[in-house]
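Below, each chain spelled out in residue letters.
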Amino acid sequence: MKKKSLGLALLFILLVVSAIGCSSSSTTTDKDGKKELIVVNWKDYGSDDPEVIKEFEEKYKVKVTHQYMASEEELLTKLRTGGVGKIDVILPNASILPIAIEENLIEEIDSTKLSNYKNIFEQFKNLPENSKNNKIYAVPWVWGSTGIAYNSEDIKEEVNSVNILWDEKYKGKIAFRDDFNDAVMTAALALGQNPNSPTNLNEIKSKLIDQKQLNRTYWKTGDEFSKLFAGKQISVGLMWSGQAAAMKKNGEPITYVIPKEGAIGWVDNWAIVKDSKNQDLALKFIDFMLSSKFQENWVNSGGPNPVNTEVTKNLDPEFVQQMGINEETIAKLHFISYHSDAEKKTWNEMWQEVKAK
Amino acid sequence: MNKKWWLVSPPVFLLISFCVIPLFIMVYYSFLSDGTTGHLTLQNYLNFFQKGFYLKLTWKTISTSLLVTIICILIGFPMAYIMAKVINSGKNIILIAIIIPFWTSQLVRAYSWQNLLRDGGILEIILRKLHIIGPEPLGILFTQTAVIIALIHIFFPYMVITIYMSLEKMDTSLIEASKSLNAGPFTTFWRIILPLSKPGIISGSILVFVPSLGVFVEPRILGGTEGSVIGTVIEDQFFEIYGWNFGAAVAFILLMIVFISTTVLSKFAKEEV
Chain A
22 MKKKSLGLAL
32 LFILLVVSAI
42 GCSSSSTTTD
52 KDGKKELIVV
62 NWKDYGSDDP
72 EVIKEFEEKY
82 KVKVTHQYMA
92 SEEELLTKLR
102 TGGVGKIDVI
112 LPNASILPIA
122 IEENLIEEID
132 STKLSNYKNI
142 FEQFKNLPEN
152 SKNNKIYAVP
162 WVWGSTGIAY
172 NSEDIKEEVN
182 SVNILWDEKY
192 KGKIAFRDDF
202 NDAVMTAALA
212 LGQNPNSPTN
222 LNEIKSKLID
232 QKQLNRTYWK
242 TGDEFSKLFA
252 GKQISVGLMW
262 SGQAAAMKKN
272 GEPITYVIPK
282 EGAIGWVDNW
292 AIVKDSKNQD
302 LALKFIDFML
312 SSKFQENWVN
322 SGGPNPVNTE
332 VTKNLDPEFV
342 QQMGINEETI
352 AKLHFISYHS
362 DAEKKTWNEM
372 WQEVKAK
Chain B
30 MNKKWWLVSP
40 PVFLLISFCV
50 IPLFIMVYYS
60 FLSDGTTGHL
70 TLQNYLNFFQ
80 KGFYLKLTWK
90 TISTSLLVTI
100 ICILIGFPMA
110 YIMAKVINSG
120 KNIILIAIII
130 PFWTSQLVRA
140 YSWQNLLRDG
150 GILEIILRKL
160 HIIGPEPLGI
170 LFTQTAVIIA
180 LIHIFFPYMV
190 ITIYMSLEKM
200 DTSLIEASKS
210 LNAGPFTTFW
220 RIILPLSKPG
230 IISGSILVFV
240 PSLGVFVEPR
250 ILGGTEGSVI
260 GTVIEDQFFE
270 IYGWNFGAAV
280 AFILLMIVFI
290 STTVLSKFAK
300 EEV
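Protein chains in written order, with the numbering used here: chain A, 22 to 378; chain B, 30 to 302.
Any given hint could turn out to be false.
As the list claims (entries may be wrong) - Coverage of chain A stretches by chain B, computed from C-beta distances (three or more under 8 Å per stretch; other residues unrestricted): (1) 229-239; (2) 252-261; (3) 359-370.
What the hints assert, rightly or not - Computed cross-link-like contacts, BS3-like style, restricted to lysine-lysine with a CA-CA straight-line distance of at most 30 Å: (4) A:Lys-298 to A:Lys-82; (5) B:Lys-299 to B:Lys-208; (6) A:Lys-314 to A:Lys-84; (7) A:Lys-107 to A:Lys-80; (8) A:Lys-365 to B:Lys-85; (9) A:Lys-233 to B:Lys-89; (10) A:Lys-139 to A:Lys-153; (11) B:Lys-80 to A:Lys-233; (12) B:Lys-85 to A:Lys-241; (13) A:Lys-192 to B:Lys-85; (14) A:Lys-295 to A:Lys-146; (15) A:Lys-192 to B:Lys-158; (16) A:Lys-75 to A:Lys-334; (17) A:Lys-82 to A:Lys-305; (18) A:Lys-305 to A:Lys-139; (19) B:Lys-158 to A:Lys-194; (20) A:Lys-146 to A:Lys-75; (21) A:Lys-194 to B:Lys-85; (22) B:Lys-80 to A:Lys-366; (23) A:Lys-378 to B:Lys-158; (24) A:Lys-226 to B:Lys-85; (25) A:Lys-334 to A:Lys-281; (26) A:Lys-233 to B:Lys-85; (27) A:Lys-80 to A:Lys-314; (28) B:Lys-80 to A:Lys-378; (29) A:Lys-295 to A:Lys-153; (30) B:Lys-208 to A:Lys-192; (31) A:Lys-366 to B:Lys-85; (32) A:Lys-253 to A:Lys-298; (33) A:Lys-241 to B:Lys-89; (34) A:Lys-146 to A:Lys-365; (35) B:Lys-80 to A:Lys-226; (36) B:Lys-120 to B:Lys-208; (37) A:Lys-253 to B:Lys-158; (38) B:Lys-89 to A:Lys-366; (39) A:Lys-365 to B:Lys-89; (40) B:Lys-89 to A:Lys-378.
Calculated directly from the structure, the hints in this document are not laboratory data.
Note that the structure is predicted; figures quoted are calculated from it, not measured.
Built from N, CA and C at the ideal position, the CB exists for glycine as well.
Let the sequences and hints guide you as you build the complete structure.
Have a look at this one:
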């Protein structure tokens, strides 16, 4: 009897597995015969706003279908396990781009076919992860930085250094971020090491241990920071440019600065998946995403910073200044580069040790 | 054997495919080396025991869970006794009041504690009005105390309900008999009530101690810079760096601690009842 029930269980497993295997194969045309462009992006991240995308869909008689990713790692897995040939456009960043290029998962991009490419800030075009052997594989779209944000009602002095996070004066009023990458890079900035390849991790570790006792707490999600700030539990902390801008818009007395030592920067890029059946449409989609109209609309409704230089002219000068949307400030940013798994593991373990102290 | 054996096959199948098999996959991962061509290794376990701070965090996690369990017994036992033996009406109302917090998500409850315990928060205002504290800030939020308070709040219902059930089953005439044989309240408690409710206390302790070992939400939200526990280490491994191999090893070590502590506790329950 026992054998029989085991056999039945195995049969059940087989059935389930084969059912998964038979999941419908995707087509590139929908029932109206319209072409379909499959885009993988974060949820609620600009490109999936139905109002905005309608214009593109009508112009090119295409249906844009979004799939969502929860992490860059997931996107990479998607490409490796059957995404190639099915998905058209993706939004990778430096953490996976070199691997995606190396494993031949994305197409080379002909930038001459993108009318808005010339308007992108030069610094973003030169990101090392976006190209290989002088061939472009990814087009920058939006960016942001992680700098210092403070309550201008509590702190009257001029803030221009990352060392405010190590200032005894503000003990118990500081919120550092619980993130190994931000922690290592910020400490490296304070110590004058290269944030993307710090040479002395021991020095960074003791710097972070010194910092630990000055904190009110560590924050992880943007929501946590907002609550702490609005509840007057903290006066200063490490913060993202985009969220600081959104909080200011909501009337919080928050000021965002990019410290003189520099700050951490990030860029999201579009790329075209290998063997996409809609390469021309994909290029048109990316071009649409880079257009000054799209970029201006999004940043004005609370989106991240635009890469299109044309947009800057139409934005509120004070906002442009605070967010650092100009060449001099962008030059001060250390864009998070590609790090191997082993390197991430070392950084994470060091950060765990700091937190356990 | 009964012909209805197939009736149990769906739950058995569910248990095997969603509990037993994943567990073995996890064990496999824990012995795998990093990199695309992983080979079998003990390195993940060695790394855990070589780095002092992981052991320190393990001890911190165990001692916190023990403290939470003991406080839960101290609060839960009198409450369960009153419900089972003292009052006759209103039991259901108390039971519902205990269960209601279960309807709220753990995350929401953690954030609610933040509002209650923070400096300038509700608790501080009340205590100041009652002249229990002076003008200084409360200083409970973002400490280990805040984490322990939240964990007790989350887990003490398990303790109350299991002790209540064992006391409810207990024959009240035994207590009366003990009294009529001239035993004082202390002797009655120590010789009659406590031994008979021991199975409830033990299973309640398992239900509180084991999940306390694995928490990571409350320590992270309420513990501030002191919020690191083994649960947060595992969380960071899986979500921050996709370090499945080491993460699985740490999770498996935690599972071993769970096995050992439940075995010890159940042995304890079987002794001279």
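Do the hints match the structure? See the list:
no. : hint                   : in the structure
1   : 229-239                : holds (count 6)
2   : 252-261                : holds (count 3)
3   : 359-370                : holds (count 6)
4   : A:Lys-298 to A:Lys-82  : holds (16 Å)
5   : B:Lys-299 to B:Lys-208 : holds (27 Å)
6   : A:Lys-314 to A:Lys-84  : holds (20 Å)
7   : A:Lys-107 to A:Lys-80  : holds (23 Å)
8   : A:Lys-365 to B:Lys-85  : holds (23 Å)
9   : A:Lys-233 to B:Lys-89  : holds (19 Å)
10  : A:Lys-139 to A:Lys-153 : holds (19 Å)
11  : B:Lys-80 to A:Lys-233  : holds (20 Å)
12  : B:Lys-85 to A:Lys-241  : holds (23 Å)
13  : A:Lys-192 to B:Lys-85  : holds (26 Å)
14  : A:Lys-295 to A:Lys-146 : holds (21 Å)
15  : A:Lys-192 to B:Lys-158 : holds (28 Å)
16  : A:Lys-75 to A:Lys-334  : holds (26 Å)
17  : A:Lys-82 to A:Lys-305  : holds (12 Å)
18  : A:Lys-305 to A:Lys-139 : holds (15 Å)
19  : B:Lys-158 to A:Lys-194 : holds (26 Å)
20  : A:Lys-146 to A:Lys-75  : holds (29 Å)
21  : A:Lys-194 to B:Lys-85  : holds (28 Å)
22  : B:Lys-80 to A:Lys-366  : holds (14 Å)
23  : A:Lys-378 to B:Lys-158 : violated (37 Å)
24  : A:Lys-226 to B:Lys-85  : holds (18 Å)
25  : A:Lys-334 to A:Lys-281 : holds (25 Å)
26  : A:Lys-233 to B:Lys-85  : holds (18 Å)
27  : A:Lys-80 to A:Lys-314  : holds (15 Å)
28  : B:Lys-80 to A:Lys-378  : holds (12 Å)
29  : A:Lys-295 to A:Lys-153 : holds (15 Å)
30  : B:Lys-208 to A:Lys-192 : violated (60 Å)
31  : A:Lys-366 to B:Lys-85  : holds (20 Å)
32  : A:Lys-253 to A:Lys-298 : violated (53 Å)
33  : A:Lys-241 to B:Lys-89  : holds (22 Å)
34  : A:Lys-146 to A:Lys-365 : holds (26 Å)
35  : B:Lys-80 to A:Lys-226  : holds (15 Å)
36  : B:Lys-120 to B:Lys-208 : holds (25 Å)
37  : A:Lys-253 to B:Lys-158 : holds (21 Å)
38  : B:Lys-89 to A:Lys-366  : holds (23 Å)
39  : A:Lys-365 to B:Lys-89  : holds (26 Å)
40  : B:Lys-89 to A:Lys-378  : holds (12 Å)
In this structure, the hints that do not hold are numbers 23, 30, 32, in rising order.
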